[in-house]
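Each chain sits in its own coordinate frame; assemble them with the hints.
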Amino acid sequence: MTDVSRFSAARTAAAIAAGELSALEVTQAALDRIAKVDDRINAFLHVDVDGAVAAARGVDRRRAAGERLGPLAGVPLALKDVFAARGMPTTCGSRMLEGWRPPYDATVVAKLRAAGVVIIGKANMDEFAMGSSTENSAYGPTRNPWDTDRIPGGSSGGSAAAVAAFETPVSIGTDTGGSIRQPAAVCGLVGVKPTYGGVSRYGLVAFSSSLDQAGPLARTVTDAALLHAAIAGHDPLDTTSIELPVPGVVAAAASRDLRGVRIGVVRELSGDGYDIGVRARFSDALEVLVGLGAEVIEVSCPHFVYALPAYYLIAPSECSSNLARFDAMRFGLRIGDDGEAGAEEVMTRTRGAGFGAEVKRRIMLGTYALSSGYYDAYYGQAQKVRTLISQDFAAAYERVDVLASPTTPTVAFRLGEKVDDPVAMYLSDLCTIPSNLAGGPAMSLPVGLADGLPVGFQIMAPTFADDRLYQVGGALEAALDAARGHPLLDDAPQL
Amino acid sequence: MTSPTNVAVTTPTFDDAVARYEPVIGLETHVELGTASKMFCGCSTVFGAEPNTQVCPTCLGLPGSLPVVNEAAVRFAVMIGLALNCSISPWCRFARKNYFYPDMPKNFQISQYDEPLCENGWLDLEVAGKIHRIGITRVHMEEDTGKSLHVGGASGRIHGATHSLVDYNRAGIPLVEIVTEPDIRSPEVARAYVDELRELCRALTVSDVRMEQGSLRCDANVSLRPRSAPGEPAAPYGTRSETKNLNSLRSVERAVRYEIVRQAGRLDAGLRVVQETRHFDEASGTTSSGRSKEEATDYRYFPEPDLTPLALTHEYVDAVRATIPELPAQRRARLSVDHGFSPAEIVNMRNAGVLDLVEQTVMAGAAADAARKWWLNELARRAADAGVAPTGLAIGPAEVARIAELVAAGALTDALARKVIDGVLAGEGSPDEVVAGRGLKLVSDGGALAEAVDAAIAAQPAIADKVRAGKVNAVGPLVGAVMKAMKGQADANATRKLLLERLNA
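The listed protein sequences correspond, in order, to chains C and X.
Numbering (the numbering used here) for the first sequence: 17 to 511.
Numbering (the numbering used here) for the second sequence: 255 to 759.
Incorrect hints may appear among the rest.
Where chain X lies over chain C, by a calculated footprint (3+ residues, C-beta under 8 Å) [said to hold, decoys possible]: (1) 75-85; (2) 134-146; (3) 167-181; (4) 222-231; (5) 309-319; (6) 327-338; (7) 401-410.
Read the hints as simulated data drawn from the structure, not as lab findings.
Ideal Cβ positions, reconstructed from N, Cα and C, are used throughout, including at glycine.
So here's chain X without its partners, still in its complex pose (with noise of 0.2 Å):
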């Protein structure tokens, strides 16, 4: 048999690779759930405290300790599992996988095993206008580990560490684990099934789903099989790999991006993809190799004895159903049908913070379109400016809606409306307050507007001939002049017309 090290792999271009061969992609999700307590203790779960303050015998696994099941996490999960279309195990069972680590305070994980609280489910995604849905295999529940933090090293990791440290405040924070079924193809739609799940759970409040603290954390399974043609039966599976800790969305695409490159030029020279987990490096945007699955570990599941089984009535799941909220997938489409939203301009919307305001702009009574241009182009950059969620700028929806409807009733240019934006930002009262204090009121008759029109057509006496000659196209130097004498405060259209009525024109 060929040994790896004598065959020349030369790695295809994506586009190549995916030509020839169909990726299969599976994702496994962990989910930190936001309970205020862990999964088995009522050790507090907040991020960022000094290490080992937010323990307990339970959580530090010492002899003698029980868990007790926490009631918020199962709620959170049924959410999950009722959000992601699962139906919700009328009783199941904890399971312990059991396995030797440091950072493991009982060298088991109270995890589910073959008895998942929820099942069968699955996730709608729209990828550039075409609808995938991702089945879900299973919503299942467990703890944490702790962290291990290796010292001495290179960038952390234990090859070359001196020492090691662990912090168990992770250790028992309560998770879900959300299983796909292998039916995404493309590492956009891997991409865009994280950042749709990771709205879900904002959504539904159960997590604060921020991968960059690990609070979301992405395993992604990739395969490649030939490419069938049309009519034949599509190749089995080929044998996967399993990049764990994925931490950003670019990360998750980049990474299963790498996999199919890479995979495929094993393939192509002949050699097998072996079954290993592996580690995506960032800097270099590659995989590499860890332990090998084919060696792996036994983890001896069996069912944790520590715990009854979870027995829910249909009555409670009934009740966590009731507190569902809208999901991201019925608001876009709500918001579409209701503003004329498209989805680019929603997921704008959503990256840049300002969805909920724009429909609450909406909902003060400001045009969907206003409320979009306002915040995304305009109060959107000034909370980046300020260092501050848009969320958190002293303008909200009921004065910008205001803002908006003095705009389309004419009385404020946007040149204007920016003004009383700073004014309101400065603290200067309401818009109405603000244009009033400021006087920014949009001049269209009166003494003021007529004395700048004569003004400029004295200044400017060679086009005020042309204007008068009959080329009325030429009266825009003109126009801008009063605008400018105006301090910008004159109504064009008034000005214009005014102009024109003055030179007989």
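Pulled out of the complex, with its shape left as it was, chain C reads as follows (with noise of 0.2 Å):
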């Protein structure tokens, strides 16, 4: 029989609109899959039977009361458990949130729903999202289904090993500085992170608002182009989402053609701290894209450089802030309110507890940071930088028409190789973090093996152009697919 849990999200939906498989039965394959491969991966931290059997009975119903369902109705999807989604708890991998549960949902999982998408659980994560390997979690590390001692990347480690697991077809993710590319490149799969403002962040628990953007994580850049559609456009509670059409993503996907395309690739992003292997399948990717018919060239970004400074500089201001509202009062963890103790001491006592190492090596970063005296020197020199980048980008793009580097200096490390090294580890989103700076588009999608691992190549885009990255990376996907013979996730280890 086959295995409906190694189908892609489009095949999914399409035998349940042709009623060849019912949402159920994929709902309870991919339940059986958790049940069976999870303990090894701890991919998910809340599992939502019940509210994952209802959802896919209602995409039932729909289908026998004879209406036309969307091209992900029945599809189970892991969701990042940074989203407050009615019905399930919301912990962002903190103590910090233990028992809270949303009263509302994220309009990304209104939108979800309205299309009929079966939401499994909620998948495991960096705590707050900070972090590149996702042994930041309060609940465990997750593993990466290539190598279960390696690291799934981070912060949306649970996402992208929920969807390289075969656990479900698709996943959502949010990228501040790479968190959703990175997981993406060293599992395997595609990852998305839309431009700034193209999906809404209502109800996604911030960590840096002007960094923060939620996206797909998926096996194929059809999937991806899809869940990007159907989570993406403007949305009035968040005003700074775009009020623009979303960008054709899907048809771009599907249309193979690169001829014409300019391909720039980023100086700056490659030389000595890249792996031979990361190297070897980059180059190798990029006279692929040659043969397609896209003219490669090379071009220098030069503030790149400093792009890695000025984020953790700007990503710890905003969460320093964004994090204060965890305070003991209104929701969450509580701790040594014995009746004794004052507001002030209780918050005290519950922050101290709830939150762990990295998250309170960030806030206090972004707390000094932001202090009067020092602000100019550090938040305000960020900003430059930042507009730095942007004109960077912007001189690129009059030149070519995306721009491509490696995804990762390196594939998937070893469980507890950079815990102890914050700055190591920050490494990891070198290449990650110009497109969160500048706001625009990139994708990660995986170009082969190196060392038996994934490596991830990235394309970044104009902002609002986003359908470009899907144009390379779905031509890409399918020459590479081709001449291997079969899609690379086949090659990982069967759990």
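Next comes the structure, spelled out in structure tokens:
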């Protein structure tokens, strides 16, 4: 019998729409798969069996009533535990939110429900989306399905592992400095950070408001496009969301035409710090693109070298303020409320006990950077760097249609390898951060293996031109799959 | 260095203090805007609802929630800015003011910092016949906090309380903060500024400006500096204290007055004034130290990343400008020129809540003075007796104008007019209907008057003889007798004339 769990989202939805499968069968298969493998992966913090079954039954009822189903109806999905969703806890991977059940749905969640997507549960993550390995989760690390001694990337490590382990065909992550693309890269998936403002942030628990962006993780470019289209669009509840039509990402994913497309390779995102295997797969992929009719040229973005330090001022600054609301007063954890302690003491005790080390480190960094007398030197200066990086992008896009780089300098590293060295951990996001700072969209897609582990290829595009990612990614994926004879994930060890 | 406890501080009298020191006063006023919904969410702003019933994820600061700017609040803030002669910023941002407090849902307040919506305006006041121009530094927008209720201690203060409750209904109510330049030099002008600002907001209908409900709250910054001799440059500003949350005009004046003598006493004793926030105690009329600003929180302001900048077009600002009604100062000038009202009369009418009614009565045809007199002396009192606002009386400008017209035409005396008012208030119809129904028309001829005159002469022959003998002024008691017999409906002049005719005087 065919294993439904290995179907793409597009194929799953088509089978349900055609009546070949019921949504309930598909959901049950996902739940069975989770029961079978997730104790080794720890992708899920919460599996909502009742909610998923009810949602699947709803899709089946709608089909039985003759309703035309959308392209993702009945497809199971893992939702990063950073979104508010009714009927489920939201923890953000933190003790701080233990027991909190949001009374409302994030806009992304509302859109998924409207599309008939079956939300299977909440995916593990680095606490409050701060990390690159999912080792910062208060609920234990997630493991990489390619090698369970290795990290699945982060912060959306649970979302990536769930899809790579065939627990769900697609998932939602968030990307503040690479938190979708880096896990996608090290798990052999397609992951997209849309243009900032392309997807509503309403109900996404903020880490860094000016950088956070939700996006899809999937096993194919087409699946990513379908999910991207389902969650994107203007939201009056998020004033930073864009009032423009959603780019035609689904059509672009199917176009396969790269004739005349100019691809710029960013000189500053290559070189010594990059694994030899990563560089080799990156070069191979460029050759494939040239073979497809694209033009590849080298471009320079000189300020990209300052992206990482600027990011580690802006993101912690915003996080120090965003995370102030976790104070034991209205929701979540409360520690030391012994009837004697005043509100301030209870806040201090709760925040001391509820936040993990990395979150505290960033709150302290940000508090310092925003302090009177330091603001101009740190936060203000970082904002200037941000402008310069945007200008670098703009100059490059005068010459090319998209930019390319490796997604990460290395393949998946081992659990524990970098936990005591925050700066080494931060370097995982070297290539992904510039797009967050400038707001443009970017995709990571798998282009092969190095030392038996997936290598990600990053495509970056100008703001609002998300469709270009899918045009290039779709063509590259098709060519690589054809050459290999099967999708890359078929090479992953069986769990 | 001398410690304060070792120094005897004697408090000078106010007059003594201001003779030697010049008070420098700046006010920060928070006005709750009267929008239907909150600053950044759709929750109701109605005052007095059950605690925590007007809340949602956004104003509770729940994780994942986001603010959306209320357009009506922006419009109201622009109106205030324009009315205060400010320039309106074509591009400005909100900023986060970070500090921890349980009644602050997000532990930051969305406010404005170095890019306020309105800047560089002024407000003119008239105090004791002198015009004071008070510079307005800025008008900016922000959200209110929740309200803490401290239970178990004395008088609701946090000290000694066993626990605290927080009502978040107020959290997120739109506020504007209006900051003056340090242009105020006396407690009276400070009070007059708040009074005028309140009138201005009321005229703009942007707030109900009820100080007792907290919809207008005032913080007073007070410092002293030595008075400089004529021709000498002014001394630099002294260290200021900030007295928070003054919730009546009287409190503003008293708190400033108290701070002036308190600071003068310290300076006289060679002590320094501590830069700090202070609380005003209504009962004692004194201020007490709050937290010291010198060790104050660093608010770590930075631009609010959850909101796009506010970019108001010229067209928008012009459209708002077109909606600004006549402002209190313009109105006072007009009332003075058109109707001859003095500033004091205008203040009295305004305070009695009859200014609009007087104007409408004048427009309905009454003489200005008569309209003022009837509303201020008679009807305001009746409204107070009935426990209603003057506008709530069953008599309006049209009726009052008609009554004033009848009095002016000699058809009613003031006493009769009051009876007509009784009738109108009792629902007996229009003034003319009451006059007819009650038979209140003034009598100046006819048999009834002649009979009454003859009866009065007959009843008091001695007085009649005096008048006959040429003492015309002695006729008074006879006039009174006739008036009494006629139950006040006789025309006094006609009565007198008829009496003198009969007595051949």
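Structure-based check of all given hints:
no. : hint    : result
1   : 75-85   : violated (count 0)
2   : 134-146 : violated (count 0)
3   : 167-181 : violated (count 0)
4   : 222-231 : holds (count 4)
5   : 309-319 : violated (count 0)
6   : 327-338 : holds (count 4)
7   : 401-410 : violated (count 0)
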